[in-house]
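Asks: Chain B: place on chain A using the hints.
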Amino acid sequence: MACKVVTITSGKGGVGKTTTTANLGIALASLDKKLVLIDADIGLRNLDIVMGLESRIVYDLVDVIEGRAKLRQAMIRHKQFTNLFLIPAAQSRDKTAVSPADMIQITDELRAEFDFVLIDSPAGIERGFRNAVAPADEVLLVTNPEVSAVRDADRIIGLLEAEKKPTPRLILNRLKSDMVRKGEMMSPEDVVDMLSIKLIGIVPEDDGVVSSSNAGQPIVLNEASKAGAAYKEIARRLTGEDVPFRSGDDGGGLLKRLGRLFGGKS
Amino acid sequence: MQDFLLRLFGRGGAAKGSASLAKERLQFVLIHDRINLPPETMEQMKREILAVIAKYITIDGDSVDIALQNRDRLNLLVAEIPFITAAPPDFTDIDDVDENDDIPRRPAADVKPKSID
Chain A
1 MACKVVTITS GKGGVGKTTT TANLGIALAS LDKKLVLIDA DIGLRNLDIV
51 MGLESRIVYD LVDVIEGRAK LRQAMIRHKQ FTNLFLIPAA QSRDKTAVSP
101 ADMIQITDEL RAEFDFVLID SPAGIERGFR NAVAPADEVL LVTNPEVSAV
151 RDADRIIGLL EAEKKPTPRL ILNRLKSDMV RKGEMMSPED VVDMLSIKLI
201 GIVPEDDGVV SSSNAGQPIV LNEASKAGAA YKEIARRLTG EDVPFRSGDD
251 GGGLLKRLGR LFGGKS
Chain B
1 MQDFLLRLFG RGGAAKGSAS LAKERLQFVL IHDRINLPPE TMEQMKREIL
51 AVIAKYITID GDSVDIALQN RDRLNLLVAE IPFITAAPPD FTDIDDVDEN
101 DDIPRRPAAD VKPKSID
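These protein sequence lines map, in sequence, to chains A and B.
Residue 1 is where the first sequence starts when you use my numbering, and the numbers rise one by one after that.
Residue 1 is where the second sequence starts when you use my numbering, and the numbers rise one by one after that.
Pulled out of the complex, with its shape left as it was, chain A reads as follows (with noise of 0.2 Å):
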């Protein structure tokens, strides 16, 4: 199988894509996926620390770039998933340390060796996300069903599209189907119509999120977390497979009419 390159994005900071990068690397771990998770978040570090991997960094993305260590040396090993690996980001201030021809000199390198690259974008539209975005084969979206939001999603879709790069997929996190019940929260359907793009999955808001970021233990881990359960149906929608929508969170009584919403295979 072909090396597939996944940039996380959102246009909106806070919405998720970190614990999107973090858990959809552990799941796809879970499948038997060799991959490599790129913080490409310059001066703002976190995958790391969500992913409980923070003691271990030696050398950075920028290390790599400035030739100061091989990509290997940079690569830090998941002790439970050996398949995992994660590259951190630099914590310089110097945006301008990392260009996009970099980014793709970085990736075609580990095309070779791994299933899947995962590149955690930094929030914003400026170096970074151009980064992020530059060796994507498939973007993924992250939203919040709230305006701004919103509406940070529809302008990065068309920055995408202006510098043709694919078509984003849609991850809806942190629904409330309670909620979307009573009419105070936008529906999976309400986003999907106004942004025009596929859903690939729904994640329900979960304050076990928290905890599993303070242990450094994605939630992914956690058998009966549902968000954990919908991490987990994004990764094999990711490898091609075709999932039914139907984890636990029917997004406030939408079931039927969800499917209909997703995206087929990329």
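Quick caveat, the hints were computed from the structure, so don't treat them as lab data.
Predicted, not measured: the structure shown is a model, and the values here were computed from it.
All the given hints hold, so there is nothing to weed out.
Reference listing, derived: stretches of chain A covered by chain B, where coverage requires no fewer than 3 residues with Cβ under 8 Å from a Cβ of chain B:
1) 147–155
2) 183–194
In silico DSS-like links for lysine-lysine, alpha-carbon gap of 30 Å or less:
3) 182/A with 23/B
4) 198/A with 34/A
5) 165/A with 198/A
6) 164/A with 95/A
7) 198/A with 226/A
8) 23/B with 226/A
9) 95/A with 70/A
10) 165/A with 33/A
11) 164/A with 23/B
12) 12/A with 23/B
13) 198/A with 23/B
14) 23/B with 176/A
15) 165/A with 23/B
Label-pair distances were calculated between CB atoms; the ranges are:
16) 92/A with 34/B: 34 to 40 Å
17) 32/B with 44/A: 27 to 33 Å
18) 70/A with 69/B: 54 to 60 Å
19) 73/A with 44/B: 54 to 60 Å
C-beta: ideal position from N, C-alpha, C; glycine also.
Replies: Structure of chain B alone, referenced to chain A:
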């Protein structure tokens, strides 16, 4: 605004339906973001559109509406431009008309139309 408040507060007086308000506001914001023109430039564009049309037909300037719409996932610039026509021909004095005149006339139902020489 009254409308929004009514929808928001519904029958029971409890806050209801803020999601539909969010959707309406987002639809407005998204289409304006997508066209990416500042308000002044939008107004300038509308004036120029009307100026071009006015070269060909007489516009009822007070009733013109040019607006952004989102319909079936399409981003649309929609114009409603009522125009004014000249008065229609007068058919009432048909008997007084000379056959050789070229004023158009509506033939009577039981008369065959005259051939034109």
